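Undergrad: What follows is each chain in one-letter form.
2 protein chains.
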Amino acid sequence: MSSKIDVPLGTRTYPIHIGHGILKNVAILDKIVLSKQVIILSDATVANLYLNTVKNQLHNKVCSEFIISPGEEAKSLDNFEKIISFMLEKKINRSATIIALGGGVVGDLAGFVAATYQRGISYLQIPTTLLAQVDSSVGGKTAVNHSLGKNMIGAFHQPIAVIADTEALETLTKRDFSAGIAEVIKYGLIKDHSFLKWITENVCSILAQDHDSLNYIVKSSCQIKSAIVKMDERENDIRAILNLGHTFGHAIETFQGYGNWLHGEAVATGMAMAAKMSSRLGYITDINVEDITTLLEKCGLPTEPPKEMTPDDFLTLMSRDKKNLGDKIRLVLLKNMGEAFITEDYPERILIDILK
Amino acid sequence: MSSKIDVPLGTRTYPIHIGHGILKNVAILDKIVLSKQVIILSDATVANLYLNTVKNQLHNKVCSEFIISPGEEAKSLDNFEKIISFMLEKKINRSATIIALGGGVVGDLAGFVAATYQRGISYLQIPTTLLAQVDSSVGGKTAVNHSLGKNMIGAFHQPIAVIADTEALETLTKRDFSAGIAEVIKYGLIKDHSFLKWITENVCSILAQDHDSLNYIVKSSCQIKSAIVKMDERENDIRAILNLGHTFGHAIETFQGYGNWLHGEAVATGMAMAAKMSSRLGYITDINVEDITTLLEKCGLPTEPPKEMTPDDFLTLMSRDKKNLGDKIRLVLLKNMGEAFITEDYPERILIDILK
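Residue numbers (the working numbering), protein chains in the order written: chain F, 5 to 360; chain H, 5 to 360.
Because the hints were derived from the structure by calculation, they are not lab data.
Don't take every hint at face value.
No distinction is drawn between identical chains; accordingly, a pair holds when it is met within one copy or between any pair of copies.
Capping the alpha-carbon separation at 20 Å, the derived lysine-lysine pairs in PhoX-like fashion look like this [as the list claims (entries may be wrong)]:
| hint | residue 1 | residue 2 |
| --- | --- | --- |
| 1 | Lys35 | Lys59 |
| 2 | Lys195 | Lys65 |
| 3 | Lys40 | Lys94 |
| 4 | Lys59 | Lys201 |
| 5 | Lys339 | Lys94 |
| 6 | Lys65 | Lys35 |
This structure is a prediction, so every number in the text was calculated from the model and none was measured.
Could you put the whole structure together from the sequences, leaning on the hints where they help?
TA: This is the structure:
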């Protein structure tokens, strides 16, 4: 079972191919990669598992690979510079294609290299984690981290295609798989109550990695995300709802040092906090909050921030969020189950209560 | 006397204001800068001359300034990172405006920061050198240098406006002014034979910095450039003719170490070399080459490459040019006086002859 959906962005429209085992389907890669020069960016763990599979299909290309260490720390300006130097030494020209083979870190870093190498070249996303398949590989956000904040240096640069092979998810640790589920739940929460209900009812078959369930959640997540990206590619407005849980979550990740909490874990906790805040403001009920928290916990995700983080720690880090336009912290909250909105209108003391 | 021309790029259309003394015209800046937060990027020389003029007009804004050392070496990934850190520390948000106050180095660096800070914010170009007014401030090319090549890391990111005050040119050294004239001559050579003739006939009044002559050459150059950028914003094709002399020129700049030859000087020599090559291939006459060389020399520009550069040095450095798509070096040559074209079709031995 495999599907193809399009991210509809005019001349930059691109396909997302989703299916179990599709990475071994030579025809797909052949149709997408038209350049002679190919650079594969991957991390040591993923390269060990899939680099040969990908390279074997590119036998008529000139391939170079650059392998980074696994983990969020690799998404640095330092690695960015190393990759650019590597490509210049290899005389990679502007018609080349970069392949991002890995999770969100690899995709964001490779995407930012593609966005800026000689002012922009093509790249293909082959996401191998659930988080990357449902979220970071779709929509053209690329970035590296800065010690003062996550994703602070980046660009919007759409890939030429995404290949999401759900077979790759079988090699994830339980913890990494759960972290991806956090983003899947997010799509239900922000935009599709019936999808949220489906997840709640089928949580066991999802966690058991049933092929059809995986295909369904990846496809549904990508569909919701592409519909939002289509409306607002550069996040001037509505696209920011995709950040549900991320304002709190990024603060946690920065506070803990990148990589100690997984991104999905921080987002799960952030979503629980956003849900509590939404209920305190009267938008959703306590039972809704309970349902959300229970679902996240069933998926093995944390819902409480680190004990050592004070409200001041949160406020300092959240005030650097990219969504903020003035002095107030902009939050994504839930108006209803399956409906998110962006707001600066809330009493500060309620936010502080939530952060305690 | 002042003029306004538009760079017509759909929703990203922006004005270029040209005139003597217009930087003191508060109304222009007021209409362009709508954000509360403003970051002025400048170099020490320019800041000394114009920073207060600009800041005085932004009295109702929250202004921060970041001053770099003058010279091409400042266009580095290192300075890029320092500016990003500075902005994060100042809690600059995505609605802020960056003002690039200076020459091409300041404009390219500020533009690349604007292109990538939190995935892109607005910037305004206030070019204070002739080279920046007629070339680098217009068209949205932003970049920093890499030790293996000029402008290798960058992005296309259009400014919200350009303010070219020709009064600023009065403080340039003769050498810097001449370097700018190289790009003015380029526009005549690639696209407008009658403009080239006008320059040749009025070279004295240009070098004497007659107000009307300056206004005319800046305006004509910007008009030619915007017409080309409109046709091909991302340089997939025709925009590359703006690189006449630059393939040879970048090789000279890289070989000499950034800053030893001025960009315009390297481009002048590169144009003389491209003219010779065009004549060897039978496109233009020896007399045309003589005319071009004489005009460049009258403007105080070099037309011979550094003696210590061998053909191999040139070939190695030119093979890294961003225009190249395969193994062959793509060149911009002259089909006629006032008409440039891009080609890979030439006998290698003729190129080597020219490089000797």
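Undergrad: Hints first: check each against the structure and report whether it holds.
TA: Hints and how they fare:
1. For the identical chains of this complex, Lys35 and Lys59 are intra-copy neighbours only, at 15 Å inside a copy versus 54 Å across copies, given an alpha-carbon limit of 20 Å.
2. Taking CA atoms no more than 20 Å apart as the test, Lys195 paired with Lys65 passes in neither setting, with 42 Å inside one copy and 38 Å between copies.
3. Taking identical chains as interchangeable, the C-alpha atoms of Lys40 and Lys94 lie at most 20 Å apart only when both belong to the same chain, with a minimum of 13 Å there against 45 Å between chains.
4. Taking the shortest Cα distances, Lys59 and Lys201 never come within 20 Å of each other, neither inside one copy (40 Å) nor across copies (56 Å).
5. In this assembly of identical chains, the alpha carbons of Lys339 and Lys94 never lie at most 20 Å apart, being 52 Å within a copy and 33 Å across copies at closest.
6. Taking the shortest Cα distances, Lys65 and Lys35 sit within 20 Å of each other inside one copy (13 Å), while across copies they are farther apart (52 Å).
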